[in-house]
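Peer 1: Going down the list, the sequences are from chains A, B, C and D.
Residues in the first sequence are numbered from 46 upward in steps of one, following the numbering used here.
Residues in the second sequence are numbered from 46 upward in steps of one, following the numbering used here.
Residues in the third sequence are numbered from -4 upward in steps of one, following the numbering used here.
Residues in the fourth sequence are numbered from -4 upward in steps of one, following the numbering used here.
There could be a bad hint or two in this list.
The list that follows gives simulated cross-link-like pairs (lysine-lysine, DSS-like), each with its CA atoms no further than 25 Å apart [what the hints assert, rightly or not]:
no.: 1; chain 1: A; residue 1: 354; chain 2: D; residue 2: 199
no.: 2; chain 1: D; residue 1: 483; chain 2: A; residue 2: 354
no.: 3; chain 1: C; residue 1: 182; chain 2: C; residue 2: 199
no.: 4; chain 1: C; residue 1: 483; chain 2: B; residue 2: 354
Hints in this document: simulated from the structure, not taken from any laboratory.
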Amino acid sequence: MLAAIGAESLDDLFADVPERMRLGRELDLPDGLSEQEVYEDLAALAARNRHADEEVTFVGAGMYDHYVPAVVDTLLSRSEFLTPYTPYQPEVSQGGLQVMFEFQTAISELTGLPVSNASVYEGPSACAAAAYLAKLETRRTRLVASRGLHPHSRAALATHAAGYGMEVVEVPLTGEGATDVEALAAAVDDDTAAVFVQQPNFLGTVEELGELAETGKRSGALLVCAADPLPLGILKPPGEHGADLCVGEGQTLGNRLDFGGPSFGFFAADERFLRRMPGRIAGETRDLDGRRGFVLTLQTREQHIRREKATHNICTAQALNALAGVVYLSWLGKRGLVELGELMLRRTHYAREALGFERINPGPVVREFAVRVPDIDAFVARARAEGINPGYRLGRDYPEYEDGLLVAITERRTKAQIDALAGLAAEVREGVAA
Amino acid sequence: MLAAIGAESLDDLFADVPERMRLGRELDLPDGLSEQEVYEDLAALAARNRHADEEVTFVGAGMYDHYVPAVVDTLLSRSEFLTPYTPYQPEVSQGGLQVMFEFQTAISELTGLPVSNASVYEGPSACAAAAYLAKLETRRTRLVASRGLHPHSRAALATHAAGYGMEVVEVPLTGEGATDVEALAAAVDDDTAAVFVQQPNFLGTVEELGELAETGKRSGALLVCAADPLPLGILKPPGEHGADLCVGEGQTLGNRLDFGGPSFGFFAADERFLRRMPGRIAGETRDLDGRRGFVLTLQTREQHIRREKATHNICTAQALNALAGVVYLSWLGKRGLVELGELMLRRTHYAREALGFERINPGPVVREFAVRVPDIDAFVARARAEGINPGYRLGRDYPEYEDGLLVAITERRTKAQIDALAGLAAEVREGVAA
Amino acid sequence: MSADTLTIFERSREGRRAFTAPADDVPQVPIEELLPAGAIRERPAELPEVSEPELVRHYTTLSSKNFHLDKGFYPLGSCTMKHNPKLHERVAALPGHARLHPLQDPEHAQGALELMHRVQGALGEIAGLPHVSLQPSAGSHGELAGLLLTRAYHEDRGEQRTRVLTPDTAHGTNPATVTMAGYEAVKVGTDSDGGVDLDDLREKAGDDVACLMLTNPNTLGLFDRNIEEIAEIVHDAGATLYYDGANLNAVMGIARPGDMGFDIVHFNLHKTFTQPHGGGGPGAGPIACSDRIAPFLPVPQVVERRGDNGSSDVRYDLDFERPKTIGKLRGFQGNFGVFVRTYAYIRSLGGDGLKDVSQVAVLNANYLKALLAVEGIGEYLPIAFDRTCMHEFVLSGRGAKERLGVKTLDLAKRMLDHGVHPPTVYFPLLVDEALMIEPTETETKERLEHFAGVVREILAEAAEDPEVARSAPHTTPVGRLDEAGAAKRPVVRWRPEAENPGDPERAKDATASGTGAM
Amino acid sequence: MSADTLTIFERSREGRRAFTAPADDVPQVPIEELLPAGAIRERPAELPEVSEPELVRHYTTLSSKNFHLDKGFYPLGSCTMKHNPKLHERVAALPGHARLHPLQDPEHAQGALELMHRVQGALGEIAGLPHVSLQPSAGSHGELAGLLLTRAYHEDRGEQRTRVLTPDTAHGTNPATVTMAGYEAVKVGTDSDGGVDLDDLREKAGDDVACLMLTNPNTLGLFDRNIEEIAEIVHDAGATLYYDGANLNAVMGIARPGDMGFDIVHFNLHKTFTQPHGGGGPGAGPIACSDRIAPFLPVPQVVERRGDNGSSDVRYDLDFERPKTIGKLRGFQGNFGVFVRTYAYIRSLGGDGLKDVSQVAVLNANYLKALLAVEGIGEYLPIAFDRTCMHEFVLSGRGAKERLGVKTLDLAKRMLDHGVHPPTVYFPLLVDEALMIEPTETETKERLEHFAGVVREILAEAAEDPEVARSAPHTTPVGRLDEAGAAKRPVVRWRPEAENPGDPERAKDATASGTGAM
Ligand SMILES: Cc1ncc(COP(=O)(O)O)c(C=O)c1O
Ligand SMILES: Cc1ncc(COP(=O)(O)O)c(C=O)c1O
């Protein structure tokens, strides 16, 4: 090969690299290993993590221990889905493109908004993307976010806002763990580009979304609802409540926990924002013979065409994870989604009742709720010793709930498991009472 | 649908089933479960098995703890390989058929015999299939089997021979754990259809195959060599030693342990037995336009054509497992097979030396060896307490080796693991010495 | 030779590899010091030398030349090509199953043994025969086990019987098994109703008969209404009645072989109980039997043992102590991975679910039969025996052959162009130009209707221009293949050019043929 | 509408389902008692109702319409379509990784944190920049992180800079990121050698410039020989020098961005460090930086902590206490599953293996470049800048367009008919009718030669009859698609017929177009 190139040695090919910049040594990394050894090394690392089959976990707070059906693995492992790049040549990418189109349809159905893109990175950065759209749309500079928005979403908003040249203002929660509507009304002004709320909110509270939307939009700001898509099977969709945009974390739809990623973010919007959406969008079209086909469409929004005028810089997104999402939703189906939602809803209320701790958000909750636990350190330690991870401690993110525990319920958490946790809770309550 | 059929109810469709034979109740089985629950039930069962990643296992005795590369899983899980039936329509089965052809080529290379079929069930029943071929070929009634042949193979021979109308005669092992050539010479007569030996034999001994073949074939019997295909990478192939047939268990080639199955059996033969082979054989041919293609060939041997005159009754075989075999061999490649064989060989001799127990088969061994362990119960218990399964106890199959332990080595058993076992062995030896 | 049909051996390039050996951590003794010279291989086996990407591409590309169940309709009669729930692959792959050594002591394999025990129990209940051995590796292996049991049973009673009866509709494995089990195969005729000809049976069922092997519903897809009488005749003759369970999918929870009078049953787990067929296996062929046959079952049996001292502790064990056993049919305990899938299936469905399976399988078959009986199809492909069918039915291609000049084989090949798999063809043998159609319960109404539409279209096309079907398929990776040539000059392994000079003559006298394999 | 292009929604039939709910084991309180009326969904989301087999078939069939890396050559420039070892999927799926909750306390996630720490260390070593954050979700997210770091750095020094420079060859994400980070994007020209135009750079590198974003080798596949001078100019202006790591595959173990003077680097783990691209993600875009930028890195950082009392115990933790941090870019700790694969890759290859990767990537590119320079190709597709290339190179379709009347788009579409994926087209923008070709190191010599043969054949065919290419592709599931029409009347979700009456006019004015997306 060198001869054909007209080079004498491999080194010749790197003649353009200035001598002084060459690494005159080997990279300081451990020696390479055989496949078997790498497998063993990684298996040993993995064994030092306590995963969700090794304990009964009530931890949620943004990612949840749902059952992922085998069809998802089967289909995602197909090389045809796993190994292509973004579908730049639609004629040999109809599989991936149609999946995107179907995904968009499913997200549109869930959110009650007519348009969706084919995925963004994940939940919190999806909020930031919504903020950017609001900025482009309104040219305003303030973002108002409920304290019920996931702490990571609020953090990501703030980080990105520094670039967008925007300020983030927070609206507190009421004593019942819901967004304070009056405070929201006070926070929103003529320079507010977008208002961010979350449904259910970080504490699991079912927000009065209609009221929040009405209030939030009063001065022309966009109402952005972050949502967990799974409970949207039983909750009125944000779009029907008047949300302009609905974004969120898609992990709950057939994706692994994966210590936090990769999963996918979704981004749905009202029709009028179609040409300002971030990321890939698949559209239906025809070929020269009139056959139905799908393409990446509205590409003039995107960085590779529009460059500095693009509506977002996103390029590689989360196509495979979005595929998991649409396969999962198709597996659940129209009825299954409702059944699963109702099961979670009932179990959540049952668990809250059974635990009997003081409630931080006493109103309606789905899939998650927050309570105050007397001597929370001891309770958590006790539960963990029993192989139960009892929930997420709110203290770090919410100093006002220093003794707060956020308890998540999925279809994997059976009544028996809830009862076991309730048994430990009873001990604590009695201990305190005694 | 019933209307189109002209039936009133589902029951109508079963009118032909006499009333008295109908099951007038539900089947007495537990109620059906959701996917998630079935998964959990099976995961709970699986957790009650101690598998080969949960201990350091030196157990072999016919199936071995080899590393199965990820490519095998990837390719076997493709629906295109996983879900078709036997390739009866070659035009839409070229994938499966070409795999069979490649598999046959690989087996032929390993065994040194020109023809191979596309798989039989597994090892021991492959011996029985060889016996049936020998019966059809020679019309004789005696089978002579070395005591070095796997006990399961000897048992399967006996079971099937009862149907074939044949008798099985056993040839003992020498004091060094190899087939006794003189006894073999004495056992073989004019009515002997086939002689069975194994390479390496059940104790791991490398048999003097040339001599056994010469002796065994003296009176016109077929020499059948059972073999573990993996060490054939470094051992002279049975075909070159004069074996007429070579059969064996394919688990070691990229198949799981699976508590004993499914794996595959292979069946290779000298050219002159081609039309007496059992099972499917793929052959190369052309289509009407002269394009290369593959078909199931020589089907007039088979049950679906020849019925009671078939050379065997096998129908469903082990195509998917055979695919694992050829993928694994292609992954290893020409050099890898040798490297792996040499690694096992060296580690086996190292382990035998390191353990220091009295040797049952002191001569050359590959991948496995047998030793006498003083107070074997205590030693095994001790090792298991340390998370080591030290080997297979020979007592049940070989009363003459009541204190015998068969120790298997694969590329997964590192020097460190061998040394750990050797440490325990030293304790026992010292304990006995003391 | 197009790159597309190169074998992996032809893709080999010196020095390439996917595998890297793990660290060689023991002393580097040369192989010559460890093995006698005569035992060492002189030249390495000519395995391919390829990189991982090329390995993956080779087999991925090959795979895409296969039709498969996950692609479309696959009504291969007698093969029960039902959907295999994807969960089954997941649970079979759990390390506790997939990485369990077969010689792990029972103490550390309690999960596996309990699973097998439960499968035994469930199969026994489904068959109505309480004693089960999971050991046989496939249906035909189960048949052989059944006849070896029959032999052992008769011999135990001091009887030497020499003949086994099989109907002329029987699957090829039945007579093939008879011979392998050392019996003479004797054919029994079929009556005008598609059932066993009772007169013929009575005549042949002498005291030299060891067994009647029967499939019920039979390979015509018909339930033999005379089953009671058949059982009586066979038992009166002192013979055993063997049930070929390949068609069990029709009657689960509806009628049990044991209740019909059968003594021994084999199950094709890979048919009735879902296993991805893998292009020709693996499967498993457990057997169930009545009390009188039980003593002879293979070893080991999976047994449940309760604590001696009246304790309720249960543990599972392998029982080798069965003095009258026929012995072992194969290594270890059978195709355990297949049992895991079977277990998952039975556990998912429960008793009523299994009954649903059979009911819908029969419903689907009868619906498709009705769709194919209409004008434009029925006159070309008349039903062989016009009765309510069970899970499958058999049409005759007689009409198409006579009136259109296209044979069943041509129709089958033309179906390939329509993206559906053809039915089983040319079987059962007693039906002229047979098409044996088994849709299974996992197919939708739309799929059945689509298939009927395809058949109609092909027939209409053949009425216009039969040549299209006769030269079909036209859209597959290869066209009709020369099977006769392949058998005449068999090339059954690849060899380097030098060793295996191309035979330019071979392509020339290509005469495409086809078989009714199954 | 052919059944083949039906969406999953169109396959829906009332009452079908794949899912069964687990036992509903808690009191059956009606939903109305648990949720306020206004919060309850009034009509169910119209998800499809399909059985598992039909679900599987639908997506399996869809999948088969994709070209993919495991099928064949995929020389998509700038995308580094290298083989993804199958091991990586296996280790990523280990339950200890895949089923680990992101909020598991560090004590019970030591394996994951150590893995991340090791990946940080390795990436730092490869980049020659010691501080690493794994958090960004993809390359462009890494770019944004880089500019937010730049902003924080300047602001921390009390400076307000307003412009960021990007070469005119830059990938679209670079200028797009500049705008999102609140800067003005300013273009820098390319010199006749294909490198940064130093004069232009000098002129624009004022003290209002915050950063120069550079790819090296750049998108022309050329290593910028003036990199030292560039770094000097940028640093003299007080700006940061940002390295777009998309092309790192060319220089691993050979030259390190840190040693070249870069301050911040992003890695496209999904390019250089193997991730199956998934049809458009997931990926990950970690960043590495120098000491002066480090205080601003996102939180949390994965850190190693040693026992206080001088003990050698090591534990890994998430560090949130970084006062100058830019904050969080996303939820949790980043795309951990991607890090597992990256780790496996680096561990498999080691330092010398990574260097081999780059050497062979460059060798393959130069070899293919040579094959495409010969007569019959070179005159139609001249190289844009005739220098030794690095891991990729850019041809211009100028010759083909002028002399044959076929555009680069036509050539690309015609390649589809030959079973190879076309290169990236129409990028970089400054090359007329560009073809950007990156073969990667995992391709064999035969593949490169085959591709060159395909190109030659297409050109020869176009010389005969350009229409074949102009109307290509001819063998794909669909022909050239009407992208303009799709954008004009966007249909971006499926709706039931009633809601979405077919627009019969749409097909008519179909004018196929194509873009040079990447
Ligand atoms: C009726 C019948 N009997 C027996 C068999 C043999 O079963 P197996 O292929 O599992 O050996 C078959 C399989 O096709 C069959 O259809
Ligand atoms: C040169 C260059 N920079 C940046 C990117 C953006 O990376 P990502 O797609 O990971 O966001 C790409 C991806 O195509 C690229 O090629």
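Peer 1: Give a verdict on every hint.
Peer 2: Hints versus structure:
1. Annotation: proposed proximity of residue 354 of chain A to residue 199 of chain D holds, straight-line Cα distance about 21 Å (limit 25 Å).
2. For the proposed pair residue 483 of chain D and residue 354 of chain A, the alpha carbon gap of about 20 Å is at most 25 Å, so the pair holds.
3. Under the criterion of a C-alpha separation no larger than 25 Å, the hint pairing residue 182 of chain C with residue 199 of chain C is consistent with the structure, at around 9 Å.
4. Only pairs whose Cα atoms come within 25 Å are accepted, and residue 483 of chain C paired with residue 354 of chain B is accepted, the gap being roughly 20 Å.
In this structure, none of the earlier numbered hints is contradicted; all agree with it.
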